[in-house]
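K.L.:
Take a look at the letters that make up each chain.
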Amino acid sequence: MATKGKPPKPEELSKIDYTPPKRGWMDTPVVFKPGMYCHGTRAKYLEAVGMPNARDWSPAEEDWKLPPEWKEIVLKGIKERLQKYRTFHVFMDICVRCGACADKCHFFLGGGDPKNMPVLRAELLRSVYRKYFTTAGKFFGKAAGARELTEDVLKELWYYYFQCTECRRCSLFCPYGIDQAEITIIGRELLNLLGLNLDWIMGPVANSYRTGNHLGLEPHTIKANIEFMIDDIETITGIRVETTFNRKGAEILFVAPSGDLFGVPGNYVAMGELMLFHEIGLDYTWSTLACEGGNFGFFTSMEMAKKLYYKIYSEAKRLGVKWILGGECGHQWRLMNQYLDTWWGPADFLEEPVSPITGTKFENAKGSKVVHITEFTADLIRHGKLKLDPSRNDHLRVTFHDSCNTSRAMGIFEEPRYIIKNVCNHFYEMPESTIREKTFCCGSGSGLNAGENIELRMRGGFPRANAVKYVKEKFGVNMLANICAIDRAALPTLMDYWNPGVGVCGVHELVGNALVMKGEIERTLDLRGEPLPGKGGTD
Amino acid sequence: MGILFSFSVVVAIILLVIAGVSGAGLNFLFGVIFPYIALLIFIVGVTYRVVQWGSSAVPFRVPTTGGQQTSLPWIKANKIDNPTTSYGVIFRMLFEVLLFRSLFRNTKSELREGPMLVHGSEKLLWLAAIVFHYSFLIILLRHMRFFTVPVPTPIEFLEFIDSFFQVGAPLVYITNFTIVIALLYLLYRRLAMPQIRYISLPSDYFPLFLILAIAITGIIMRYFEKVDIVGVKQITMGLVSFRPVIPDNIGVIFYIHLTLVCTLFAYFPFSKLVHMAGIFLSPTRNLANNNRMVRHVNPWDYPVKVRSYQEYEDEFRDKMKKSGIPVEKE
Ligand code: HEM
Ligand code: SF4
Ligand code: SF4
Chain S
1 MATKGKPPKP
11 EELSKIDYTP
21 PKRGWMDTPV
31 VFKPGMYCHG
41 TRAKYLEAVG
51 MPNARDWSPA
61 EEDWKLPPEW
71 KEIVLKGIKE
81 RLQKYRTFHV
91 FMDICVRCGA
101 CADKCHFFLG
111 GGDPKNMPVL
121 RAELLRSVYR
131 KYFTTAGKFF
141 GKAAGARELT
151 EDVLKELWYY
161 YFQCTECRRC
171 SLFCPYGIDQ
181 AEITIIGREL
191 LNLLGLNLDW
201 IMGPVANSYR
211 TGNHLGLEPH
221 TIKANIEFMI
231 DDIETITGIR
241 VETTFNRKGA
251 EILFVAPSGD
261 LFGVPGNYVA
271 MGELMLFHEI
281 GLDYTWSTLA
291 CEGGNFGFFT
301 SMEMAKKLYY
311 KIYSEAKRLG
321 VKWILGGECG
331 HQWRLMNQYL
341 DTWWGPADFL
351 EEPVSPITGT
361 KFENAKGSKV
371 VHITEFTADL
381 IRHGKLKLDP
391 SRNDHLRVTF
401 HDSCNTSRAM
411 GIFEEPRYII
421 KNVCNHFYEM
431 PESTIREKTF
441 CCGSGSGLNA
451 GENIELRMRG
461 GFPRANAVKY
471 VKEKFGVNML
481 ANICAIDRAA
491 LPTLMDYWNP
501 GVGVCGVHEL
511 VGNALVMKGE
521 IERTLDLRGE
531 PLPGKGGTD
Chain X
540 MGILFSFSVV
550 VAIILLVIAG
560 VSGAGLNFLF
570 GVIFPYIALL
580 IFIVGVTYRV
590 VQWGSSAVPF
600 RVPTTGGQQT
610 SLPWIKANKI
620 DNPTTSYGVI
630 FRMLFEVLLF
640 RSLFRNTKSE
650 LREGPMLVHG
660 SEKLLWLAAI
670 VFHYSFLIIL
680 LRHMRFFTVP
690 VPTPIEFLEF
700 IDSFFQVGAP
710 LVYITNFTIV
720 IALLYLLYRR
730 LAMPQIRYIS
740 LPSDYFPLFL
750 ILAIAITGII
760 MRYFEKVDIV
770 GVKQITMGLV
780 SFRPVIPDNI
790 GVIFYIHLTL
800 VCTLFAYFPF
810 SKLVHMAGIF
820 LSPTRNLANN
830 NRMVRHVNPW
840 DYPVKVRSYQ
850 EYEDEFRDKM
860 KKSGIPVEKE
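Going down the list, the sequences are from chains S and X.
At position 218 of the first sequence the residue is numbered 218 (our numbering), and the sequence of numbers has no breaks.
Numbers in our numbering are just positions in the second sequence, counted from 1, shifted up by 539.
You may find that some hints are simply not true.
Covered stretches of chain X, as calculated for chain S (at least 3 residues, CB under 8 Å) [unchecked claim]:
hint	stretch
1	842 to 848
2	857 to 865
Here chain S is said to cover these stretches of chain X; the calculated rule only asks that three of the stretch's residues, wherever they fall, bring their Cβ under 8 Å from a Cβ of chain S [stated by the list, open to error]:
hint	stretch
3	606 to 614
4	812 to 824
Everything labelled a hint here was simulated from the structure, so no lab data went into it.
Ideal placement from N, C-alpha and C gives every residue a C-beta, glycine not left out.
Based on the provided sequences and hints, a complete structural model is requested.
P.N.:
Structure follows, in structure tokens:
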């Protein structure tokens, strides 16, 4: 089994050969390359949430310990899903193999493996679909692009469906909107019928089921972590901010990704938010159960994703809040924007969100009652409710990475930029074809930010990193801002690998730095506790 | 391999027609029976496909958003690439179907020294696709003159436009050339670009060869191996009026052309050509990004087992109390 290895050197990794092999893809068996895949899930995690075929297994071994009737399970699963998802059904039928999507995937661009072209990733499953569900495939077999479902085919599906971050970049460019993310989601559902998930996904799922968050933080730990941050804020600003947990009757429930309650640099985002909420006197509360906007269930199955999101509305209801404010997280917003209300709505026990500070009605969230924090903060700034000193970020030359989910499953582009431009003096955009809806993935999304697949992650992140390199060399950019917890976990490694010297931060860390608080001491430290260069910056 | 196979099938069809018409004199089979069967397969087949897709559920509203969302009033939203209303969706779909909007975004990535990954714009595929499809559409519409008496004015107007750069008699249609050029380019890129070649199946080459053969036989009939147009119109009018006739002395080239068209129609529902209908049903394009405004209902939603707050509190109550977090049950 692959262990936490070291990837090859950047100079080597960036020698990428895009020419496909001579032999056709159907005749090229899958090779499991260490560093390109993750550990299989342990039995205990599957058992914890009652998922099938719980056993310890390793993808590197010949025997995957499949149930004897595994093939029937998969075929039945496909049939069922063809009826349940029009996306899947239509996408299985209408691809013309024009190849417009081929060089849009960061895994293909960073690795050159032809099976990482979205169209081929889809064909891996489509070929099976043709064999068992279409007339042409049944009669003409290989000539019609159909093939048997064998154990090798299953392994190939596993290997490549866990080399897709469900980023939807292919879908943007496809003339029919064929979305490999959707096909990957369904492919992973099928694999999960056989207990073929990743340890790195299933662990967080099991944790999230029990404690509400991926890291398995228990309520008192969450509180303690946030109190540590409050201590740090006091050191930096001289102000002791207040916050509450599980408080009934608060106006707003704040749901952040749990990554922000734990490690660096996410904690600086939470600090910025604590400071902001304190400064404007927001009547809000944390919930120690709904303490995670992220949802690794989404990388497992729709049912699991739904289960893990039960806490959001149920906690809002229990605590009697009026509406929900969501933190900086990518896939949290895929779900809060496109799934939450369908799963657990209607949210008629909540009220249409109104900013208590500016009176702005968030009309776009009037149904689901969840507001994105950058919508909220951009509105505050627009109404002049914040006193900001952007020069406190003058040591930073900032660029902004649009997360896949917030870009192509939501479209939140201007809000974070508006904030950044108000709290920083030095902001530079990466090339046009690598930002906004065309943004490149961090390479570690959809549960792939493990240690053992580090080469995959560095490859997948290459297009993003390369665009950062461009602005680093051109404008001296040294900070990569984003609104996603997975970015904050994954991009530091990516930057250290490809662009040493570029840091990673959330947008509300920058807000926290610039926010002038009533009664604060002269700031000499930024939120990271590092000395602030003299006012006016270093350049 | 796929190329040769697809090419051979098209050649085999042509030979079959020559044998059938010139050899065995099966003019009625090729001129009347096959067209009716092909049309029937086309109509029933495409309808069946659409009904099948339509009967699949749309559990979630998952548009792929391609522009700024609608949020705060002072932020300019992209109402077409990220629609929130039905009007927006209709416009988005019109742009997709009529202008191939998404394909227009196409880029080409290139790894240069540095390493520098450069993403340039690449519009050739879009151009070829547009030229091919519009040529096909115009040619199809022009053919209506064979099925109508009198020929409706719009069709005559279309002919007039299409032959605008008239150089002599007979009328030279622009689309006759553009469709062939576009098809040749599409074929060329399938063969010459290693990645596109790698993903291509026999079923990708076949429609290209087939349509190319249709276009070429059409051009031959029109400019070189002239056929008796009056006779052709007798056949076609016979077909639409369900009083089929087979006039004599129509060249075999006509039967080849017609049979290839029949093949296209009959093949259509079983192939990737159903993208014509599928594009309208693609949920990443034909839904609005308004989930936070209007709830989308999943028709097959079912209850799932969840962990309740009570269970959570039961497990952590002591720890919560000790750290001063409010609990429901003391
Ligand atoms: C609503 C109608 C249609 C739309 C919006 C549409 C759209 C497209 C688009 C965007 C492509 C990809 C670009 C390309 O590869 O050329 C394509 C490919 C193709 N379409 Fe259509 N199409 C339609 C109808 C048809 C019809 C009626 C036919 C022919 C009978 C057809 C035949 C083809 C073929 C053969 C290709 C593949 C070309 C290749 O191999 O590269 N399409 N279509
Ligand atoms: S862009 Fe769409 S139609 Fe073209 S090959 Fe990719 S998935 Fe198929
Ligand atoms: S969704 Fe993203 S990662 Fe997956 S195939 Fe498409 S471009 Fe690649």
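K.L.:
Next, verify each hint and record whether it holds.
P.N.:
Outcome of the hint check:
no.	hint	in the structure
1	842 to 848	holds (count 6)
2	857 to 865	holds (count 7)
3	606 to 614	holds (count 8)
4	812 to 824	holds (count 9)
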